[in-house]
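Novice: Kindly generate the complete structure, drawing on both the sequences and the hints.
The numbering of the sequence shown is the numbering used here, which starts it at 1 and goes up by one.
Everything labelled a hint here was simulated from the structure, so no lab data went into it. Take the hints with a grain of salt, since some may be wrong.
Stated by the list, open to error - In silico DSS-like links for lysine-lysine, alpha-carbon gap of 30 Å or less:
hint, residue 1, residue 2
1, K362, K250
2, K250, K263
3, K19, K283
4, K250, K283
5, K362, K345
6, K345, K361
7, K351, K361
8, K51, K283
9, K51, K221
10, K263, K362
11, K345, K263
12, K362, K351
13, K250, K361
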Amino acid sequence: MMANNMILTNSSIYQPDLKAFREIGAGEVNLIPIYRVFPADLETPVTVYIKMMDSLGPSFLLESVEGGEQVGRYSFVGVNPRGIITLQGNEISIGGDMIAEGQESQARPLAKGEDILDVLKAELCQFQTAELPGLPRFSGGSVGYLGYDVVRFFEQLPESAERVLSIPDAVFLLADTLVIFDHARHQLMILANAFLNKDGEVDLEMAYLDAIQRIERVSEKLLRPLPAIPARRSYRNGNSHGPGSLSINKSQSTFEEMVIQAKEYIAAGDIFQAVLSQRLSRKTDAHPFAIYRALRMLNPSPYMFYFDFGQLGFQVIGASPEMHVRLEDGVASVRPIAGTRWRGKSESEVKALENELLADKKERAEHVMLVD
1 MMANNMILTN SSIYQPDLKA FREIGAGEVN LIPIYRVFPA DLETPVTVYI KMMDSLGPSF
61 LLESVEGGEQ VGRYSFVGVN PRGIITLQGN EISIGGDMIA EGQESQARPL AKGEDILDVL
121 KAELCQFQTA ELPGLPRFSG GSVGYLGYDV VRFFEQLPES AERVLSIPDA VFLLADTLVI
181 FDHARHQLMI LANAFLNKDG EVDLEMAYLD AIQRIERVSE KLLRPLPAIP ARRSYRNGNS
241 HGPGSLSINK SQSTFEEMVI QAKEYIAAGD IFQAVLSQRL SRKTDAHPFA IYRALRMLNP
301 SPYMFYFDFG QLGFQVIGAS PEMHVRLEDG VASVRPIAGT RWRGKSESEV KALENELLAD
361 KKERAEHVML VD
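Specialist: Okay, structure coming up:
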């Protein structure tokens, strides 16, 4: 109890402090971000993630490197999310602290007309988050992916895709504890969201203390020396894969037949563009995070991500040069690269680039696809 009292007495190092927290908590909100700021001159998002990655449970790293040179303002590290929502076929699973203590993950079939976004919205709508000045756009919430096959919930398409991998169609982590890098100010903040149970008697001090304790547990990990950086994956059965040969899931003749069929669809007017794909895979002992670090160096991009989905047993790594869509304050924004050109330095160059775009059938098709 003495340690808890000391934390609450020294609450001025946290934002908001206990007095301001009480005032905010007296309102209609039931989720309040609490954070503590530290200098970031001795840490990077990668070192922080390595120090945190021994924690049990799923985790993620989100980074931005603009144009391969300029670092985006914020990077995010998240560990031990409050919950996890998984979609596998037509079955939805909800696990973590969102279910009653002592229960296993809840799995059920989706109701008729229901999709993963309905489930996600229902979970997130339970929270009314306090908006605090000085925080980035993201201070907690859902982080994850939608697989390509999820399109079948939104469009009338045949169920013709063969399920080869056991990877879920969608996974979302509900992140409530974050390490946020502010590269513009050269500082990091450890943020934990305080949950106020307003169905019963609200104990504001206990909610505040719980958030602070989560902040301090993360802080203690960041004070540790950097552990050995993983380069190889360890296996429970002791087996090693080693560098395997590259495997492709479609033969050249099969892929060429797909190209011919796509051209026929275009000629018939059924489609105006198709993106054909194939899966390339190989076995490796390389640690997934070592692969991400290599990608980070070879292809720095505005949107980079590393997800470790913990007991689900897989990781997702990627880099994208463009924002797909952003919805903020009721305004949707897209910033595609396809169908665009850089801005010319003079009016004559602008006009030349404009004419080049208008004369390029592929670029026009890209533009129509995005508008459509």
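Novice: The structure should be examined with respect to each hint, and the outcome stated for every one.
Specialist: Outcome of the hint check:
Taken as a hint, the K362 and K250 pair is honoured in the structure, with Cα atoms around 25 Å apart against an allowance of 30 Å. Pair hint K250 plus K263 holds up; C-alpha atoms about 19 Å apart against a cutoff of 30 Å. Between K19 and K283 the CA atoms are separated by roughly 55 Å; this puts the pair beyond 30 Å, and the hint is violated. Taking the CA atoms of K250 and K283, the gap is about 18 Å. The hint holds against a cut of 30 Å.
The straight-line distance between the Cα atoms of K362 and K345 is roughly 24 Å, inside the 30 Å bound, and the hint therefore holds. Restraint check for K345 and K361: satisfied, since their Cα atoms lie roughly 25 Å apart, inside the 30 Å limit. For the proposed pair K351 and K361, the alpha carbon gap of about 18 Å is at most 30 Å, so the pair holds. With a C-alpha separation of about 27 Å, the suggested pair K51 and K283 falls inside the 30 Å cut-off, and the hint holds.
Between K51 and K221, the direct Cα distance comes to roughly 6 Å. Compliance with the 30 Å bound is thereby established for this hinted pair. The suggested pairing of K263 with K362 holds, with an alpha-carbon distance near 14 Å, which does not exceed 30 Å. A distance of roughly 38 Å separates the Cα atoms of K345 and K263; the hinted pair therefore is violated under the 30 Å criterion. A hinted pair counts as satisfied when its Cα atoms are at most 30 Å apart, and K362 with K351 qualifies at roughly 19 Å.
For the hint linking K250 to K361, the alpha-carbon distance of about 28 Å falls within 30 Å, and the restraint holds.
Of the numbered hints listed earlier, those contradicted by the structure are 3, 11.
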